[in-house]
Amino acid sequence: MLPLCHDDERSALLQFKESRISGDFYAWKFDCRPTMASWKPEEGNVDCCSWDGVHCNENTGHVIKLDLSHSCLFGSINSSSSLFKLVHLEWLNLALNDFNSSEIPPEIINLSRLSYLNLSGTSLSGQIPSEILKLSNLMSLDFSLNDVPGGRLELQKLSFINLVEKLSNLKTLDLSDVSIQSTIPHN
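Per the working numbering, the sequence shown runs over residues 3 to 189.
For the record, the hints were derived by calculation from the structure and aren't laboratory data.
One should not assume that every hint holds.
[Said to hold, decoys possible] Okay, the calculated beta carbon distance ranges per label pair: (1) R35 with S170: 32 to 38 Å; (2) D49 with N164: 39 to 45 Å; (3) P151 with P43: 33 to 39 Å; (4) S181 with D49: 25 to 31 Å; (5) D176 with D33: 35 to 41 Å; (6) S170 with S52: 22 to 28 Å; (7) K173 with S81: 41 to 47 Å.
[As the list claims (entries may be wrong)] Mimicking BS3-like on lysine-lysine, the simulated pairs with C-alpha atoms at most 25 Å apart in a straight line are: (8) K87 with K42; (9) K67 with K168; (10) K168 with K87; (11) K136 with K168; (12) K136 with K173; (13) K136 with K159.
Beta carbons: idealized from backbone N, C-alpha and C, even for Gly.
All chains, please: the whole structure from these sequences, using the hints.
Below, the structure written as structure tokens:
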């Protein structure tokens with residue numbers, strides 16, 4: 003029998019759900035699928051490992067993959083987001099949601115096990131935090147399509163060269179529409 007998800011991780015997922023505005027309006031407007039609508043522990047569905055978009059390690063029960071791409075999510079992500087409590091995450095896809103021109107919080111460093119991170123088309127803006135450089139397991143990183151009214155993602159303080167040197171495991175990097183204020187090496 004597979005282990006149930008951990009109480010603290012289930013709680014973090016439910017807090018993240020409560021902090022988002024999602025629903026039928028966004029499903030209609032953006033042609034998306036409200037994945038988190040199925041997260042209803044009050045109806046006896048307490049094992050978050052069985053929830054849509056959530057995948058757990060079959061031995062430990064820790065949440066290791068979260069796929070909420072195109073899930074009708076709206077609202078800012080800030081440093082107190084419960085998402086950053088999911089420290090066992092290896093794979094995170096939040097693509098094609100609307101995070102309301104918020105910046106990527108430096109608490110992204112808490113997700114140090116990530117090998118895959120997709121934040122494309124999420125209406126993020128501002129400086130890409132230098133904490134991204136500490137995510138040394140990253141093999142795939144996608145910040146594309148974040149050129150939104152009122153801002154875009156920027157790569158200034160964190161130079162492109164640092165990004166490529168520090169994240170030596172990267173196999174895929176997409177910075178389309180990111181404002182890069184740094185020299186891009188020929189190689």
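Index of numbered hints that the structure contradicts, given in increasing order: The structure breaks hints 4, 5, 6 and 7; every other hint is satisfied.
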